[in-house]
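Colleague: Here are the chains, one letter per residue:
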Amino acid sequence: MTGAALIVRETLVTPDFLTGWILLAIIVFLAAYNVRKSLPFLPLGTSALWLQIHIYAGLLSFVLFLMHVDYSLPHGLFESLLATIYLLVFGSGVIGLYITRSYPKRLTHLGEEVIFEQIPVIRKKIQTDLDQTILESAEKIPGSELPIFYRDELYPFMMQKPDFVSHLVYGNSRHWRHLLRKLSDVKRFFNEEELNTLAIIEAQLHRKHQLDTQHVLQSALKFWLFVHIPATYSLLTFIVLHVVLVQVWSGGAL
Amino acid sequence: MSVSNSPSGFDAKRYQHPQQNWVCGRLAEGCPCPLGPSTRGECLSENTCQPRRSLRSRRNFVTGLVFAASLGVCLLILGGSSENSSTKLFETTNIISPGPLSSPHSAIQEGCKACHSASSLSPVSMIGEIWNSDHAQHQSELCLNCHRDFGDHSLQAHSAAPELLELLQNLNTLEPQLTSDQQWARTLTDHRVAHAKVLNCATCHREHQGAQFDLTHLTNQQCQSCHENTFHSLSDGHPEFETTRERIRFDHSSHFEQHYKNYHFLMPGGIPKQSCNDCHLLSADGATYHLAGFEAMCASCHESQILDFNMPTALRLHQFEFVKQTPKTESPSTEPLSLPPFLELMLRADEKIANAIEALQTIPQTDTELRTPLLNSIEEATSQLLKDLQEQGAAGVTERLSRVTQNSNNDKQIVSVVKALDQSRFFEVLSTNDEEATIGSWTFLNNRATVVYRPQQHADPLIKAWLDFMASEVDHYPDQAEGTTPSRFDQFFRDAISPEASGRCTKCHTVDRLLDGSMKINWGLLPAEYFYRQFSKFVHRPHLTLMQDQTALSEAAQEDVCLKCHQPETPKPFFNRDAFLLTDGMPRAEFRHSSSTGYLPIQKKDCVQCHQPKMAGDNCLQCHDYHVHKNSILRR
Chain A
1 MTGAALIVRE
11 TLVTPDFLTG
21 WILLAIIVFL
31 AAYNVRKSLP
41 FLPLGTSALW
51 LQIHIYAGLL
61 SFVLFLMHVD
71 YSLPHGLFES
81 LLATIYLLVF
91 GSGVIGLYIT
101 RSYPKRLTHL
111 GEEVIFEQIP
121 VIRKKIQTDL
131 DQTILESAEK
141 IPGSELPIFY
151 RDELYPFMMQ
161 KPDFVSHLVY
171 GNSRHWRHLL
181 RKLSDVKRFF
191 NEEELNTLAI
201 IEAQLHRKHQ
211 LDTQHVLQSA
221 LKFWLFVHIP
231 ATYSLLTFIV
241 LHVVLVQVWS
251 GGAL
Chain Z
255 MSVSNSPSGF
265 DAKRYQHPQQ
275 NWVCGRLAEG
285 CPCPLGPSTR
295 GECLSENTCQ
305 PRRSLRSRRN
315 FVTGLVFAAS
325 LGVCLLILGG
335 SSENSSTKLF
345 ETTNIISPGP
355 LSSPHSAIQE
365 GCKACHSASS
375 LSPVSMIGEI
385 WNSDHAQHQS
395 ELCLNCHRDF
405 GDHSLQAHSA
415 APELLELLQN
425 LNTLEPQLTS
435 DQQWARTLTD
445 HRVAHAKVLN
455 CATCHREHQG
465 AQFDLTHLTN
475 QQCQSCHENT
485 FHSLSDGHPE
495 FETTRERIRF
505 DHSSHFEQHY
515 KNYHFLMPGG
525 IPKQSCNDCH
535 LLSADGATYH
545 LAGFEAMCAS
555 CHESQILDFN
565 MPTALRLHQF
575 EFVKQTPKTE
585 SPSTEPLSLP
595 PFLELMLRAD
605 EKIANAIEAL
615 QTIPQTDTEL
625 RTPLLNSIEE
635 ATSQLLKDLQ
645 EQGAAGVTER
655 LSRVTQNSNN
665 DKQIVSVVKA
675 LDQSRFFEVL
685 STNDEEATIG
695 SWTFLNNRAT
705 VVYRPQQHAD
715 PLIKAWLDFM
725 ASEVDHYPDQ
735 AEGTTPSRFD
745 QFFRDAISPE
755 ASGRCTKCHT
765 VDRLLDGSMK
775 INWGLLPAEY
785 FYRQFSKFVH
795 RPHLTLMQDQ
805 TALSEAAQED
815 VCLKCHQPET
825 PKPFFNRDAF
835 LLTDGMPRAE
845 FRHSSSTGYL
855 PIQKKDCVQC
865 HQPKMAGDNC
875 LQCHDYHVHK
885 NSILRR
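Residue numbers (this note's numbering), protein chains in the order written: chain A, 1 to 254; chain Z, 255 to 890.
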């Protein structure tokens, strides 16, 4: 197809029309993947097959796009807007490809799969369990400093929202690393019974930290579509206008 | 370290499906209601909360919002791009412009509507026009509002008449050389745009590419994409240059090598030429050479031939004899009827007389019984014609010529003839009562009862007008089909350009056949626009400068520079060239459309020395113009 466009460049038939129409067909096909996902009962091939073709077609569309704009930035305002939206769709698609290929492996390493919508419920459960553990510790060990340590240092961590950047880049948060150092520091001040309780608390905090990582990775897996899909529909809309303008204003260029 | 979250108390019954549009308002707090919200987003619990949209629902909402915003922007742009839109809120033509205009077009003040017919469409009709190709032609017609000099076939390939294109295609003799890319391109596209009814300007000229963009640039491959016969480059496959016939016959070789050397004997008063520059004057733009004109170039030797009253035969004045007094004869002549062409045309305006003239051609000359009444009727008609012309003057001639012409659109030529007759004082001669008189160029010869015309100078107006009129009325001459009878105009034209014809104009002036079958005599230099609206062009000055620099020639030796490309033929013996054989210098009929300049054709190898891709370039458009002039003719 690319070769054909290069060959057509040697004729009076402008390759822009050829690459443009092919690009439109590919973009419509790419957008149809979202429709296909909404209609799983139709016998149109597996979703995995569609995804694979979607990826290859998306990459091909970028080559055609470069040829269509003649490897340079468009000069007109509308055409620049159209190119920007295409690049937004393509870029978000590439990022989405990376996310969907690498994050599930990281999630697998975190242990059992957690449903995204259930994360707040699980986090609440961990907090309730921790509260219960501290209350029982306070009754069992009078005069212990553990509840005060929990209130001042551990509870804020429990209530903290996940640090997206740290989780995405390092796989853990700086707050968690800071907390681990504090826990290591205070252990010498507690007796054996308190240390047993602290071990239970530390395990729960670790679960909370991993839940944060789950939350961040799954958010990324879902939120890139907030750019990719709306931008795709916007792109289709602007493409329709582009076709109208080119067909009617181009003066019969072949 | 990985820790299982399975003991976290996940309750499958309370699973929030991603497809659900609403989730419990308390989900973020980690304690959603067991019932959850309804499908319409209403809380079903006693402790009411405000249900929230699910992630998918929020994504759909954002998608819808972006789509609606995009649609709105598109409609605003579409509405604002139309000049006549009643819903126009603001001007958006600058937004939809795909880029800056080229320098020549950037000065257009009228905006988009000057070039785009679409700017007058409403947004709705604009959408309806997507698959309608007519608007493209309308847009091209807007181009022609400014670019007016492409003739009647502006939107045809090469702006040439279909007949001319067909003739050119039939001239193809080359074996096509196609690269693999060209083969593929022809498979992928319909290259035969020459067959298209309309070839829009935008096919080749792509605007909005920036101020410095050359709108006329095309690659060699693009030029050849329409052509049936292709070749790789100027050096590889381009046909050798053909010798084109000049409009004025002049054999340089025989003149320089024979006539000028013997002018003392041939033309004692003649002035032989010494160098190219004596006759060829470089034009102001340096593109081409103009001829110095008849007076400077030819008159010293040839003017006497034009004016010589006794040359070459007694029939010389036949074209412009006119019967002044109809002689009454006692008995009908047995000679074949021979009327001067001008007189015959005047008489043929009367259908009855025309039939009589035709009948006399078939009746045997000895059958006086049948011929006498016809001849008498012609005599009476001649007398009446004389009276009519004396009374009506120019109007009478105009009326009669209009009646006998075959070409109904020939008023211009008739007017020229009548005007030239009037200026030559023809009508004064008809009215004079003198026994013998010379008025203007006309002389009344009493002994022959006729007035005769004698050219007074080169480019005589009446001779020119009359020959042009005859030529324009020619139908099939000289390619007349076998077995068909030539029309009277064909016969008249044959006589008018014969060696015996008055003025002997076509000794030097060539004759072209036009696309409509009529003839055209090439009287003089071509108009300036002819040179920039032909298929081929050549700018002399830079080539001369280059060759002078290369050879360090002095200006005095400039003609040697000319001879580097224009190499003379070996001269043939005097008057021994085919075109002049067996005549007194006039070309024979079969060679009337040919002549020799006495030079060999320009050799392609001389051009190829410099015109290669990495040297002076070999782009087609360096030597060829795409749009040919509206008056271009195919010389044959």
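Mixed in with the good hints there might be a few duds.
Unchecked claim - Restraint-style ranges between C-beta atoms, simulated for each label pair:
#1 A:Leu39 to Z:Gly871: 55 to 61 Å
#2 A:Leu73 to Z:Pro358: 51 to 57 Å
#3 A:Leu44 to Z:Val316: 53 to 59 Å
As the list claims (entries may be wrong) - Calculated Cβ distances over 12 Å to all of chain Z for the following chain A residues:
#4 Pro43
#5 Leu77
#6 Glu194
Said to hold, decoys possible - Among the chain A residues that face chain Z by a calculated CB cut under 8 Å, a handful are:
#7 Glu79
#8 Val94
#9 Leu225
#10 Phe226
#11 Phe238
Hint data in this document are derived by calculation from the structure and do not stem from the laboratory.
These numbers come from a predicted model, not from an experiment.
Built from N, CA and C at the ideal position, the CB exists for glycine as well.
Colleague: With reference to the structure, classify each hint as holding or not holding.
Modeller: Here's how the hints hold up against the structure:
no.	hint	verdict
1	A:Leu39 to Z:Gly871: 55 to 61 Å	59 Å, holds
2	A:Leu73 to Z:Pro358: 51 to 57 Å	24 Å, violated
3	A:Leu44 to Z:Val316: 53 to 59 Å	26 Å, violated
4	Pro43	21 Å, holds
5	Leu77	5 Å, violated
6	Glu194	22 Å, holds
7	Glu79	5 Å, holds
8	Val94	19 Å, violated
9	Leu225	6 Å, holds
10	Phe226	6 Å, holds
11	Phe238	6 Å, holds
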